[in-house]
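Visitor: In case you want the letters, here they are:
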Amino acid sequence: MKLLQTLKILSLSLCLLVGFTANVKADITLGLVGIMTGPNAQNGEFCRNGASLAIDEINAAGGVKTPDGKTQKLALEVVDDQGKPDVGLNAIRRLVSNDEVVAFMGPDFTGITLPSLFVGEEAGIAQITSSIGAAITAKGDKHILRGRSNDQMWMIAIVDYIANTLKVKKVGISVTNVELGRSGRDVAIQYLKDKYQITPSVEVSHGFGDRDLTASAARILEANPEVVINWGTQIEAALLLRKLRELGWKGVFAFNAADDIFTNLAKQDAVGVIGPQNWVWSMSDERSKKFVADYEAKFGKKPSPHSIVYYDGVKLYAQAIAKAGNDRKKVLATLKAMPEWQGVQGMYKPDAKNGDMITNTVIIRYNDQIQPEVVFATK
Amino acid sequence: MFLQLSISGLAMGALYSLVALGFVMMWNTAAVVNFAQGEFAMLSMFFALSAHVAFGLNIWLAIAIAITATAFLGYLFERGLVRPLRDADPLTVIMMTIGLQIFLSNGAKFVWGTQPEVFPTYIGGETLSFLNVRMSSQALAVIGVVSVLALVLHWLSQRTALGKSLRAVAQDRETAALMGIRIDRVVSAGFAISAALAGIAGVLMAPLVFVAADLGLPLLIKSFIAAVVGGFGSYPGALIGGLLIGVLDNYVGFYISSDYRDVVLFTVLIVILLFRPQGLFPKHR
Chain S
39 MKLLQTLKIL SLSLCLLVGF TANVKADITL GLVGIMTGPN AQNGEFCRNG ASLAIDEINA
99 AGGVKTPDGK TQKLALEVVD DQGKPDVGLN AIRRLVSNDE VVAFMGPDFT GITLPSLFVG
159 EEAGIAQITS SIGAAITAKG DKHILRGRSN DQMWMIAIVD YIANTLKVKK VGISVTNVEL
219 GRSGRDVAIQ YLKDKYQITP SVEVSHGFGD RDLTASAARI LEANPEVVIN WGTQIEAALL
279 LRKLRELGWK GVFAFNAADD IFTNLAKQDA VGVIGPQNWV WSMSDERSKK FVADYEAKFG
339 KKPSPHSIVY YDGVKLYAQA IAKAGNDRKK VLATLKAMPE WQGVQGMYKP DAKNGDMITN
399 TVIIRYNDQI QPEVVFATK
Chain V
986 MFLQLSISGL AMGALYSLVA LGFVMMWNTA AVVNFAQGEF AMLSMFFALS AHVAFGLNIW
1046 LAIAIAITAT AFLGYLFERG LVRPLRDADP LTVIMMTIGL QIFLSNGAKF VWGTQPEVFP
1106 TYIGGETLSF LNVRMSSQAL AVIGVVSVLA LVLHWLSQRT ALGKSLRAVA QDRETAALMG
1166 IRIDRVVSAG FAISAALAGI AGVLMAPLVF VAADLGLPLL IKSFIAAVVG GFGSYPGALI
1226 GGLLIGVLDN YVGFYISSDY RDVVLFTVLI VILLFRPQGL FPKHR
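Residue numbers (my numbering), protein chains in the order written: chain S, 39 to 417; chain V, 986 to 1270.
Treat the hints loosely; a few may be bogus.
Within a straight-line C-alpha distance of at most 25 Å, the following computed DSS-like cross-link-like pairs (lysine-lysine) qualify [what the hints assert, rightly or not]:
hint: 1; chain 1: S; residue 1: LYS111; chain 2: S; residue 2: LYS368
hint: 2; chain 1: S; residue 1: LYS361; chain 2: S; residue 2: LYS340
hint: 3; chain 1: S; residue 1: LYS122; chain 2: V; residue 2: LYS1149
hint: 4; chain 1: S; residue 1: LYS368; chain 2: S; residue 2: LYS103
hint: 5; chain 1: S; residue 1: LYS305; chain 2: V; residue 2: LYS1094
hint: 6; chain 1: S; residue 1: LYS122; chain 2: S; residue 2: LYS108
Since the hints were derived computationally from the structure, they do not count as laboratory data. Keep in mind it's a predicted model, so treat the numbers as computed, not measured.
Produce the complete structure using the sequences and hints provided.
Guide: Structure representation (structure tokens):
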């Protein structure tokens, strides 16, 4: 009896203590999981910077006013997935198990997001990801929201651009023999055939890690397509492009991951390369220009296509928290009931059934200074 | 296109030959199959890149330092890891070299990261065109350099005291010792030369591919197949085996599919082991 009484008193004291602590807590915490250390840390830096910029802007304006009348500042809890699935899974578990985290963002790598989706789903917490793998929103998870267009949308945009704008008839397909490459190839071939009645004049594939792409390049040269759509990874793409130029092929090279890693490797060969993206810093609309200027002023460099996803993601979460408060399940429900939300990247539809909130895709082309220019944008 | 594929294949094959020659030298001097040979080539690339980019050294000086450093690595490998296991079971030695391969590959990732790097072209920079073939001057230079190296190695082996000592140790270690040859020194020199060959292959290859920490293993596999196909233990065999593998790789990739390159290479390896295990150009005793 005495023990029971003691336990009751202790429990009550604990509750009061927690309650007291909760009452004086000023921040609403958003989580971010990304690559913060290791060789791909630059990727995580862009993601974190985008989120930080948004949080700073919101806090500078006073914070988020929640339904209970309080105005609270946002805080960001960042966890590192190191670009590895096992580390990412543990990082997400850690983040989600923190009850103070109202919603979270990331990861970026599809290979980390896909196997860890169940964590957020079980916890009923909103997750905005920048991963482009189409499979992420195909599983039926209700908590996942994708903050940019996926790789299938990118392939369709590239094919539309090639057929409608470049007006080519002779197309070659080249893939790195990984899941990303094969699924991209299948989408391209089907779409070319169904919409434009175009059959690729050549299809080549090369292994992930291949360093001698002479054979693939020679086959492409022999078929001499006007455009080659290459779907896969940056090293193989840059090597293939170099070999194609060496062999004298003059066509247009379209590549799904024509980013800084690729241009760093391809150097001058990257001039004229086209590629799909969700957004790029050279967009000409006023919202993008302002975002780029603010980002550059704060971080001293241009934002990546990832940065905008996390910037808009924080702002979207702030909107939901303003309506729902800091209960994670209510935040998720509020998002899922939101038909539209205007972000810098474009119009988001958080209530999209599968979680693909935005489908905006641009096609960029690298100019003579190896800077990306937007040549095509989907509506 | 046949000529293009053949000459391009010879350029890559020449690099496999160099690494395979290193294999053979280590085998002949110490009966060691070094599964870290590819990593020596990879490290040489990074040494040269770091010396040139991080320390701002002239590219040729950077290359010389890289090859020297790799040779020293080979020496350390023999002194620190091979010599203590001299009397151990061959399997133990093999496992040690596999462990070293994993250690060096992951170590390189830790030090230099996993992002690939561009290595500047240092032999010309233009594409040359002849007989309907187009190749970079760097790739053509590879064929030239390896040809010269093969002659130098032949001269070293036949005309120098070190070369004769290496051959003596390879033929009969005990008798060589009785003849006054310092076995340990000769073996160390052999390992250093072998690693240097991998280092040269690395710096020649670097401008043609992108320098990355995962280059070692694929290079090892193809070079090993080249050494076996040519005739393990035979220097001419390693040279010709490498060239054959390079050319075959291109033919299969073009006429069949790049997806089947490794399948065909390993099939060739199995067939050779089954029907002519001594290789196409076996070592003559």
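Visitor: Decide, hint by hint, whether the structure agrees.
Guide: Hints versus structure:
1. LYS111/S with LYS368/S: Between LYS111/S and LYS368/S the Cα gap is close to 19 Å, so the pair holds against 25 Å.
2. LYS361/S with LYS340/S: Measuring from Cα to Cα gives roughly 33 Å; hence the hint is violated.
3. LYS122/S with LYS1149/V: 52 Å, violated
4. LYS368/S with LYS103/S: 15 Å, holds
5. LYS305/S with LYS1094/V: 23 Å, holds
6. LYS122/S with LYS108/S: 39 Å, violated
Figure legend: structure checked against the earlier numbered hints; hints not met, in rising order: 2, 3 and 6.
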